[in-house]
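Student: Residue numbers (this note's numbering), protein chains in the order written: chain X, 185 to 592; chain C, 185 to 592.
If you're looking for bench data, these hints aren't it; they were derived computationally from the structure.
It is possible that some hints are incorrect.
Where chains are identical, the list cannot tell them apart; a pair therefore holds if satisfied intra-copy or between any two copies.
[Stated by the list, open to error] Heads up, simulated SDA-like pairs for lysine to any residue below, C-alpha to C-alpha not over 20 Å straight-line: (1) 364 / 221; (2) 364 / 229; (3) 364 / 286; (4) 527 / 292; (5) 471 / 292; (6) 502 / 372; (7) 481 / 331; (8) 364 / 261; (9) 481 / 592.
There are 2 protein chains.
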Amino acid sequence: MGFQEALSRILGSLQPLEAEAVPVRCAAGRVLAEDVHAPIDLPPSDRAAVDGYALRHEDTLGAPVRLRLRGSVTAGEVPEGELAPGECVQITTGSVLPSGADAVALVERVRLEGEWVVLQAGVGRYEGVHRRGEEVRRGELVLPRGTRLTPRDVGVLSGMGVAELMVARSPRVGLIVTGKELQSPGEEMRPAGTYDANTGAIAGEAERLGCRVVFSTICGDSREEVEAAMGRALELADVVVATGGTGIGSLNLSIRMQKEFAQDVMPFLLEERGELLVYGVRSIPGKPLAFGLVDGKPVFALPGWPLSAVVTFHFYVKPALLRLMGVREQPREAAVLERGVEKERHLTKFAPVRLRRRERVVAEPLYLPGPPSAARAFRALAQADGIAVVPEGVERLEAGEVVEVELL
Amino acid sequence: MGFQEALSRILGSLQPLEAEAVPVRCAAGRVLAEDVHAPIDLPPSDRAAVDGYALRHEDTLGAPVRLRLRGSVTAGEVPEGELAPGECVQITTGSVLPSGADAVALVERVRLEGEWVVLQAGVGRYEGVHRRGEEVRRGELVLPRGTRLTPRDVGVLSGMGVAELMVARSPRVGLIVTGKELQSPGEEMRPAGTYDANTGAIAGEAERLGCRVVFSTICGDSREEVEAAMGRALELADVVVATGGTGIGSLNLSIRMQKEFAQDVMPFLLEERGELLVYGVRSIPGKPLAFGLVDGKPVFALPGWPLSAVVTFHFYVKPALLRLMGVREQPREAAVLERGVEKERHLTKFAPVRLRRRERVVAEPLYLPGPPSAARAFRALAQADGIAVVPEGVERLEAGEVVEVELL
């Protein structure tokens, strides 16, 4: 099936996780599970917007005028009594306006003469005043459900007095990296060994999205090993992501060959233990990708090459994790291709690019010539900051054409 | 002084913090404190780049040919013996090439006949082979000091067997939010109270850069309270960030006024207790900003309005924190202004914008009309995703002109 159909099947099988409460101070990076309406007006009352002198604007209509200085009010103080005509009060920014005052003369615009404040020019009504509810009205929708909260959002919510929020629970992710050749970094290298790059990369990507990695293992390719690892992962995690164990070279590889090579454990396990919803996608990388539900939980089997694993994570697993968190969809960025990109017409190609952002965003493709590019593009992992999508039905995009780019 | 001079003084007073070791798995988001050179070749030996049949390319020169199938090798196995002329070995992607073999025929390109593998076409030398050191050569510089490690970088380092890395220690940040009107979210609002937005916003921004917030307090504006808070913060933190307590309305406000309002505690404290290096900057926001060293540690006093505090954090404090971590400087993005922006010529203006990224990046200014904009732009905090820099010497930028944008 094509990329879009595979993605629809994956997303169609998922429901958002339940919500949980967190203190606002710890909410940055979390995803709102509720619409947040302002619980108060902001400012909560008329406040001075500048340092200066609170006054009745009518008293200044015949400027130059002088007003009697009656005292001062600073932020946090409740001004006493009512301002009488002809009076003014020294006031600092953010302070509550005394009753009767309806304007603040900027400190630089007045001259002090003993108990008198002299104004050369009139002050308009509400000039220098930050009016009640001017910024946010009580009850107004401030941030909708599905928003990934920035530190600034946390500031805004704090400033409205919101102490606790309902956010999506962080998905618990289990990682299974299969391949009997794989070794953990730090181990003495065996003659036919390969250091595992996938655990570090995929775990980091998942954590950056706000997931918790609760299980992670390297296991051999045998059915018994993979099945045992999947069982443990499903006990602990909401989502299982496996890499490797889907080693079909291409979609036209015969079933005989698959059995002969005996590497394609994951899809068979998914079919036997649960529901295999996706196996084989017309995308590159991603041809051998498998997805299914086991015990109702999503299980992904990604290709084993590090770059393929990371790229397919971004296009198939990331949208699923965001769905579990209820994140509103973000549009992709667009960029101008620096060099042409080619592919077979029936595939969707995901091409790592390095972006140069000036007022035009330019995407430099990082794929090296010669198949299989995934195997040869280990370092593109470190160099890429985006992945361009070259859609089905297109054979070639020329330099200067615009592509959609998924940011890394 | 101007923005650039203030920034130079700040950065010139700072040294990077010491480095610490972390396991590679925990290094995403951290900053490399060493150049990392590849400890091994990648791949570590000649490997099959595809599923297929390992052979001597010379044997295929007279194709069509048939080769005797001698056995198989899968990833992680060390192939036994030497491949004799006329022989081939079934091989899976990533497996070590048997001695004598120098090419791999793609599985789809051959036909099996009992013990024989039939090829219709020749296979070039090293075709289907992922050669030793082809991706990374041992000793090669892979990631330079000062790199903020992505999950992909962690993958690349793991894949080279790097188990531990030297990274910059995370700066410990102490936060002091001053203003006797301020209350923590969740408290019952007092009549002249204001909920504190700064702690949540600034703490979140600092944490996102990789800092640890080790101290945070709301305190009144009196000299005694601020001094006590600063003392505690300096005991625990590497950097102290205060907001509020620098309430001079403008640079031409007289010292008499400053004393009269008695709000400007921080700069006086910095001068008395340490070295005041910056006080008052020709930037908006940022006019009353103060910076100094106390006990050799950097102390920032930012304006108290939430938007001003966040914006000045990004332009003055963030570069300092990145310097402490030894992060290499990143160029700003550029964007095309959607509407014109005005300011006084002698100031640098930092204008919050919302970016629309298509192949052109368009910046929509979020500042509302009417001074003082900082006071009126609370919600711009949540809406902005960048801050445009309108430099000194410019009075107006028109719609369509290009601005530098600091990303939030």
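Student: Would you mind marking each hint as holding or not holding in the structure?
Tutor: We went through each hint and held it up to the structure:
1. 364 / 221: neither (54 Å within a copy, 27 Å between copies)
2. 364 / 229: Cα proximity of residue 364 and residue 229: across copies only (17 Å, versus 68 Å in one copy).
3. 364 / 286: neither (77 Å within a copy, 23 Å between copies)
4. 527 / 292: Classified as between: cross-chain Cα gap 19 Å, same-chain 67 Å, threshold 20 Å.
5. 471 / 292: between (70 Å within a copy, 15 Å between copies)
6. 502 / 372: neither (33 Å within a copy, 41 Å between copies)
7. 481 / 331: For residue 481 and residue 331, the Cα distance exceeds 20 Å both inside one copy (24 Å) and across copies (37 Å).
8. 364 / 261: between (71 Å within a copy, 8 Å between copies)
9. 481 / 592: Answer is neither; intra-copy 26 Å and inter-copy 35 Å both fail.
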